[in-house]
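Peer 1: Residue numbers (our numbering), protein chains in the order written: chain A, 1 to 288; chain B, 1 to 392; chain C, 1 to 335.
In short, the hints are calculated from the structure, not lab data.
Certain hints may be false.
Here are the computed lysine-lysine pairs in the DSSO-like style, where the Cα-Cα straight-line distance is at most 30 Å [said to hold, decoys possible]: (1) B:Lys343 x B:Lys30; (2) B:Lys343 x B:Lys95; (3) B:Lys119 x B:Lys66; (4) A:Lys222 x B:Lys135; (5) B:Lys249 x C:Lys146; (6) B:Lys375 x B:Lys340; (7) C:Lys146 x B:Lys187; (8) C:Lys146 x B:Lys184; (9) C:Lys213 x B:Lys388; (10) B:Lys340 x B:Lys392; (11) B:Lys324 x B:Lys249; (12) C:Lys334 x A:Lys222; (13) B:Lys324 x B:Lys187; (14) B:Lys292 x B:Lys249; (15) B:Lys30 x B:Lys66; (16) B:Lys292 x B:Lys371; (17) B:Lys343 x B:Lys67; (18) B:Lys217 x C:Lys213; (19) B:Lys301 x B:Lys184; (20) B:Lys135 x B:Lys340; (21) B:Lys119 x B:Lys371; (22) A:Lys240 x A:Lys90; (23) A:Lys90 x C:Lys146; (24) B:Lys217 x B:Lys187; (25) A:Lys222 x A:Lys90; (26) B:Lys392 x B:Lys135; (27) C:Lys213 x B:Lys392; (28) C:Lys213 x B:Lys135.
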Amino acid sequence: MIGSVIGVLFDGVAYGSLLFIIAVGLSVTLGLMNFVNLAHGTFAMIGGYVCVLLMTRAGVPFLATLPIAFAAAALVGLVLEVTLYRRLYKASPLDQVLFSIGIVFMSIAVATYWFGASQQPVALPPYLRGQVHLPGLDLGVYRIFLIAVVAALTLALQYLLERTRFGSQVRASVDNATAAAGLGINVNRVFALTFALGSGLAGLGGALGIDVLGLDPTFPLKYIVYFLLVVSVGGSGTMKGPLIAALILGVFDVAGKYYLPQIGGFVIYALMVILLIVFPAGLYGRRA
Amino acid sequence: MKQVQSLLAALLGALALAATPCAHAQNTIKVGVIAAFSGPFADYGGQIEAGMKAYMKEHGDTVAGKKIELITRDTKGPAPEVAKRLAQELITRDKVQFLAGFGLTPNAMAVAPVVTEAKVPMVISNAATSSITTKSPYITRVSMTIPQIAEPLAQWALKNGIKRVYTVVADYGPGIDAETQFTKTFKAGGGQIVGSVRTPLQNPDFSAAVQRVKDAKPQAVFVFLPAGEQGVAFVKGFNERGLGDAGIKMIATGDITDDHVLAAMGDPTLGMITAFHYSSAHDSPENAAFLKAYAAANDAKAGAPNFMAAAGYDTMHVIYEVSKKLNGNIDGDQAMAAIKGMKWMSPRGPVEIDPATRDIDQTVYIRKVEKVNGKLANVEFDKIPNVKDPGK
Amino acid sequence: MATRPASVSIPRAPAVASTLPDDRWKPLEIAFWLLPVLAFFVFPNYRVLGSQILITGLFAVSLDLILGYAGIVSLGHAAFFGAGAYAAGLLAVHGWHEPITGLAVAAIVAAAVGYLASFLVVRGGDLTRLMVTLGIGLMLWEVANKAAFITGGVDGLSGVTIDPIFGVWRFDIGGRTAYVYALAVVFIVFVVLRRIVHSPFGLSLRGIREGGKRMPAIGAPVARRLRTIFTIAAAVAGIAGALIAQTTQFVGIDTLGFPRSAELLIMLVLGGAGRLYGGLVGAALFMIAQDYLSGIDPVYWQFWIGFFLVVIVLFAHGGILGGLDTLRTRLQRKR
């Protein structure tokens, strides 16, 4: 039975890490620009479709598509930020919600038009398939890969935020954009680059997640709840909060479905509501 | 610009329609087709209509001297109040003589009282809950019901030495129906259900369910999931955790390996055993004619034909036969009397409309996913004839 | 408590009306309410659509109460619509077929659910409230699905037979009774809401929306006011849900679903929030357009809705009614 507990933990951590990598961009966007971006899933979807296109049309190997997915989503994010999102930073949350819903609808329509409404299959390379057989425990190879990638990315992000100049500019702008501007930091550029980074990470997560989450044009709407869940429970503006939140939610979701399948779907929503009542600003929220 | 023009045109048209009564109804038999043609269930309406068009292409669009006209209306998905409104409008405004389509159960259920009051024959082309035909004496069905497929599958499993089964179904009406019927038949035949799990409907990840199956070590796992991504996700999980290697068979109802999406599901489905009433690989002259007509009547965008297209084809057959028998003058009660007991050779095999329940009796086939001419297909290797809907 | 961004920001002009209210009926309002009466006679073949537009309009107005007046962004308002629908539906299925009392029961049930939910909703900032309302909506959907032996689950609740209204007017296939019934109920409820919104209570709500932190300084109990309006909005949504259950004699689980909440938000914004009539206008426009344009490629429909949303937010602030208002002020200034 220990085997099953570890198995559930492992699956939960894998699921949670995937949620984290997609949602971390949203957390920073929300914390930095205070912008409720329901269209965040769109960037993940872009990454997913880029990966599928490259693999099926151009025969690019799976691993090679990942950085391209990142770049493509980051580029789209950058363009959208500079042209559209920037105008709405001072708008009301309702306006932001509606604007992002509008972007989501348009992206779903475009994806349906170009790719059709059905699921996109992705053929993982053979070395990422199957299971690793340890005594008393079988672990999925792809899930190990996911956890490894996300762990590496998290460390890289941590380094970026805490040890580089850009990172300190981001942190300063999150804390107080006016003061940061007063110190000569080009806040607009910081916002743009951060948005691009967050979108790129979402795109990467989307490509990584095709095997676990599937890919079809309704992806942004289907999973936005999970991403918002991670960010609102974890608290926006930080990395640590969403990471912990994603892991908790992932583990509880898988555990709930394994041990108490009768209420499986309920667990994640109930947990979210409970956590939000107890921590209205999220677990590690920056705002009281 | 196009939108504005069409909006203006539609407004003018509506005003005109509102002002003048319809004058040319005498020479056409109108069939109102209510289904989802957009949104996540767009394939349902698309396939049903494609099958209908195939029949009309093959047999011409005139019956008993009258032209058959299809009027399609989009419910966009499960939207019972919209479906009911569309039915009311089709009957009072467009004066249709038949209603057909209905890819989803709640839409069919909501329309039932309307056809009872208006005495309009309603042919169900897909919705699969048993109780639908009991909601009105003017409803008949040409597709299938879930218990009708689950029961023979359970019988086949017992006959082939599978005595321990774990069931995994999606936690909603159709899934629970499938589980209930399969369990009932399986246990009655001496089988043992070693465990069961119902997965949430919005479920992206099956690792927990598949793990539970693996732990219980059954001989087979019976699966019912909504067609599309859930089926794909489960099959992936099944393969990833090596359940096949552990000797566990996967048996399911055929909508999981729907012919329309089978190609996209890919090689992981090879070897899957399913029970269903129609496979596009069915070897018969009627099916060959259907496939030919389907290709002729629809362009490539319609995709590969599946059981819903075959049901659409059979829907038109019923409508044509009734129209012929009544010489084009469609009276609700006479139409239903003509429909009861109707027998014919459908592209799927022999079928009959049960005179007592107005539901369909048909042969259920056991198939395996194999590669035929390089393409994936559901190849039939066993069958159970004359299956009535056990849900009644 | 409402949060404010750390950076200094000059808030944009709110997308809602900011004139002081008085309770006199303006001629434009009277003209507005004559339209559905006229439509009944001019478009006799569209009465079913008309009744559903009126019901959805009432539902949108209930969202306006919490969105336009109290400033709570909710993505789960369909929870109360569905609660009212199931209450009325179950009542009829289990033997009580009288429609008007059915409405009352539905309102009470929905209000109770709303009251309980309101305690969760008044805490936290905008994102938290968004997530909580979303979560409540999703959870209620799961409950309705699980309790399929009561609600009929995904297959829906059929057999909702409703007696003729006052024993005289049967619900006919042409939708005549449904239309008049819906119009009467919507009008009466609307008049009540109008009174509430123009009262000091209504004014205090606007105060909360614009500057929630300052309201306690003038003695207004913010949380209690928010809970009250949330409960009222839930009750009205429940009445709309009951109307749909009674006029269609069926309750689908989609009455509780997220797509319904999201579409409602779009309709309200299209019409213009904070003006009480915006919900009715938005619902009418949206549903009529959808009915006419649904023949055209549905992918286009979704794209253009998204596009219009973006355009409205960026340029046509305040929806249709807001635009009309700006037009009117510009014309008045020219004189």
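Peer 1: Each hint needs a verdict: does it hold in this structure or not?
Peer 2: Hints, verified against the model:
| no. | hint | verdict |
| --- | --- | --- |
| 1 | B:Lys343 x B:Lys30 | 24 Å, holds |
| 2 | B:Lys343 x B:Lys95 | 28 Å, holds |
| 3 | B:Lys119 x B:Lys66 | 21 Å, holds |
| 4 | A:Lys222 x B:Lys135 | 34 Å, violated |
| 5 | B:Lys249 x C:Lys146 | 29 Å, holds |
| 6 | B:Lys375 x B:Lys340 | 39 Å, violated |
| 7 | C:Lys146 x B:Lys187 | 24 Å, holds |
| 8 | C:Lys146 x B:Lys184 | 21 Å, holds |
| 9 | C:Lys213 x B:Lys388 | 68 Å, violated |
| 10 | B:Lys340 x B:Lys392 | 16 Å, holds |
| 11 | B:Lys324 x B:Lys249 | 48 Å, violated |
| 12 | C:Lys334 x A:Lys222 | 49 Å, violated |
| 13 | B:Lys324 x B:Lys187 | 46 Å, violated |
| 14 | B:Lys292 x B:Lys249 | 35 Å, violated |
| 15 | B:Lys30 x B:Lys66 | 10 Å, holds |
| 16 | B:Lys292 x B:Lys371 | 21 Å, holds |
| 17 | B:Lys343 x B:Lys67 | 24 Å, holds |
| 18 | B:Lys217 x C:Lys213 | 60 Å, violated |
| 19 | B:Lys301 x B:Lys184 | 41 Å, violated |
| 20 | B:Lys135 x B:Lys340 | 16 Å, holds |
| 21 | B:Lys119 x B:Lys371 | 47 Å, violated |
| 22 | A:Lys240 x A:Lys90 | 26 Å, holds |
| 23 | A:Lys90 x C:Lys146 | 42 Å, violated |
| 24 | B:Lys217 x B:Lys187 | 18 Å, holds |
| 25 | A:Lys222 x A:Lys90 | 28 Å, holds |
| 26 | B:Lys392 x B:Lys135 | 12 Å, holds |
| 27 | C:Lys213 x B:Lys392 | 62 Å, violated |
| 28 | C:Lys213 x B:Lys135 | 56 Å, violated |
Hints 4, 6, 9, 11, 12, 13, 14, 18, 19, 21, 23, 27, 28, counting from the list given before, are not met by this structure.
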